[in-house]
Amino acid sequence: AQKVTQAQTEISVVEKEDVTLDCVYETRDTTYYLFWYKQPPSGELVFLIRRNSFDEQNEISGRYSWNFQKSTSSFNFTITASQVVDSAVYFCARLYSGGGADGLTFGKGTHLIIQP
Amino acid sequence: AAGVIQSPRHLIKEKRETATLKCYPIPRHDTVYWYQQGPGQDPQFLISFYEKMQSDKGSIPDRFSAQQFSDYHSELNMSSLELGDSALYFCASSLLNNEQFFGPGTRLTVL
Numbered sequence: 001a002q003k004v005t006q007a008q009t010e011i012s013v014v015e016k017e018d019v020t021l022d023c024v025y026e027t028r029d030t031t032y033y034l035f036w037y038k039q040p041p042s043g044e045l046v047f048l049i050r051r052n053s054f055d056e057q058n059e060i061s062g063r064y065s066w067n068f069q070k071s072t073s074s075f076n077f078t079i080t081a082s083q084v085v086d087s088a089v090y091f092c093a094r095l096y097s098g099g100g101a102d103g104l105t106f107g108k109g110t111h112l113i114i115q116p
Numbered sequence: 001a002a003g004v005i006q007s008p009r010h011l012i013k014e015k016r017e018t019a020t021l022k023c024y025p026i027p028r029h030d031t032v033y034w035y036q037q038g039p040g041q042d043p044q045f046l047i048s049f050y051e052k053m054q055s056d057k058g059s060i061p062d063r064f065s066a067q068q069f070s071d072y073h074s075e076l077n078m079s080s081l082e083l084g085d086s087a088l089y090f091c092a093s094s095l096l097n098n099e100q101f102f103g104p105g106t107r108l109t110v111l
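If you're matching them up, the sequences are chains A and B in order. Start counting the first sequence at 1; every next residue gets the next number (this note's numbering). Start counting the second sequence at 1; every next residue gets the next number (this note's numbering).
Hints were generated in silico from the structure; no laboratory data involved. Accuracy of the hints is not assured; some may be wrong.
Said to hold, decoys possible - Cross-link-like lysine-lysine pairs, in silico, DSS-like; alpha carbons within 30 Å at most:
(1) A:K38 - A:K16
(2) B:K52 - A:K3
(3) A:K16 - B:K57
(4) A:K38 - A:K108
(5) B:K57 - A:K3
(6) A:K38 - B:K13
(7) A:K3 - A:K108
(8) B:K15 - A:K108
(9) A:K70 - A:K38
(10) A:K38 - B:K22
(11) A:K16 - B:K15
(12) B:K13 - A:K70
(13) B:K57 - A:K108
(14) A:K70 - A:K108
(15) B:K13 - B:K52
(16) A:K70 - B:K57
(17) B:K52 - A:K38
(18) A:K3 - A:K38
(19) B:K57 - B:K22
To be verified - Just so you have them, the derived chain A footprint on chain B, three or more residues with Cβ under 8 Å:
(20) 53-65
(21) 96-102
From a predicted model like this one, the values you see are computed outputs, not experimental measurements. Positions of the beta carbon are idealized from the N, C-alpha and C atoms, including for glycine.
Let the sequences and hints guide you as you build the complete structure.
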């Protein structure tokens, strides 16, 4: 199976600090999609972003930004000026675009703790 | 905006019993997925349906089955429950190959 690796199990920072969550993926495919999901303590999975393998343009959405680099098979996520409400488990995931309704392969997740 | 609906939200069963989880996708979404998330684990893909036909299968035990009905809702049937089946079960829906939107999950506890 082609893995998604989130090497950081847990990160703890003080509010207002910037923090980057790393994601490295394996792929033998030319067409694939990458995602980030947030899982707050309440347990739901919240969609944050989707990128396809042909679009390496970085994206910014408010305090969130994503850096996609095919050369290093990485799709990192940065939160600028972190807030306590950002505390959650963040999952990186990939989807092989095989033409069917393929399931997501998730990384193990990074538990982000923002301390006030 | 309408979200994915899952019922029940919590379920407690005894070992060897059966359970049925229901999922109502976002209107006009043609694809439904089921995932299992054990405590402290990442979600594991179980099975998916596209236009009411089974599309992809992940690590779904033989004791589990699922189907998608004509109104696009889906049910996950779990038989001969084991302690290890205790987990959060998510349903997600999407348009094919687009972002998957997850329901709130059903927390299953097997005693």
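Hint check results:
A hinted pair counts as satisfied when its Cα atoms are at most 30 Å apart, and K38 (chain A) with K16 (chain A) qualifies at roughly 19 Å. As the CA atoms of K52 (chain B) and K3 (chain A) are separated by approximately 29 Å, the hinted pair is consistent with the 30 Å bound. With a C-alpha separation of about 43 Å, the suggested pairing of K16 (chain A) with K57 (chain B) is violated against the 30 Å cut-off. Taking the CA atoms of K38 (chain A) and K108 (chain A), the gap is about 12 Å. The hint holds against a cut of 30 Å.
The hinted pair formed by K57 (chain B) and K3 (chain A) meets the criterion: a straight-line CA distance of about 17 Å does not exceed 30 Å. A threshold of 30 Å between alpha carbons decides the hint, and for K38 (chain A) with K13 (chain B) the separation of about 29 Å falls inside it, so the pair holds. The straight-line distance between the Cα atoms of K3 (chain A) and K108 (chain A) is roughly 10 Å, inside the 30 Å bound, and the hint therefore holds. With a C-alpha separation of about 28 Å, the suggested pairing of K15 (chain B) with K108 (chain A) holds against the 30 Å cut-off.
Simply put, K70 (chain A) and K38 (chain A) have alpha-carbon atoms about 23 Å apart, close enough for the 30 Å limit, and the pair holds. Simply put, K38 (chain A) and K22 (chain B) have alpha-carbon atoms about 23 Å apart, close enough for the 30 Å limit, and the pair holds. Our distance criterion of 30 Å between C-alpha atoms is broken by K16 (chain A) and K15 (chain B), whose separation comes to about 48 Å. Among the hinted pairs, K13 (chain B) with K70 (chain A) is inconsistent with the structure: their alpha-carbon atoms are about 46 Å apart, more than 30 Å.
Annotation: proposed proximity of K57 (chain B) to K108 (chain A) holds, straight-line Cα distance about 20 Å (limit 30 Å). Distance restraint check for K70 (chain A) and K108 (chain A): the Cα-Cα separation of roughly 21 Å lies within the 30 Å cut-off, and the hinted pair is therefore satisfied. Proximity of K13 (chain B) to K52 (chain B) is assessed by CA-CA distance (about 28 Å); at most 30 Å being required, the pair is judged to hold. The hinted pair formed by K70 (chain A) and K57 (chain B) meets the criterion: a straight-line CA distance of about 28 Å does not exceed 30 Å.
Distance check on the hinted pair: K52 (chain B) and K38 (chain A) sit about 29 Å apart at the alpha-carbon level, within 30 Å; holds. Simply put, K3 (chain A) and K38 (chain A) have alpha-carbon atoms about 19 Å apart, close enough for the 30 Å limit, and the pair holds. Restraint check for K57 (chain B) and K22 (chain B): the C-alpha separation of about 18 Å stays at or below 30 Å, so the hint holds. Against chain A, the segment 53-65 of chain B contributes 3 residues with a C-beta closer than 8 Å to a partner C-beta. That satisfies the three-residue criterion, and the hint holds.
Counting residues of the segment 96-102 of chain B whose C-beta lies closer than 8 Å to any C-beta of chain A gives 7; at least three are required, and the coverage claim holds.
In summary, the structure is inconsistent with hints 3, 11, 12 from the numbered list given earlier, while agreeing with the others.
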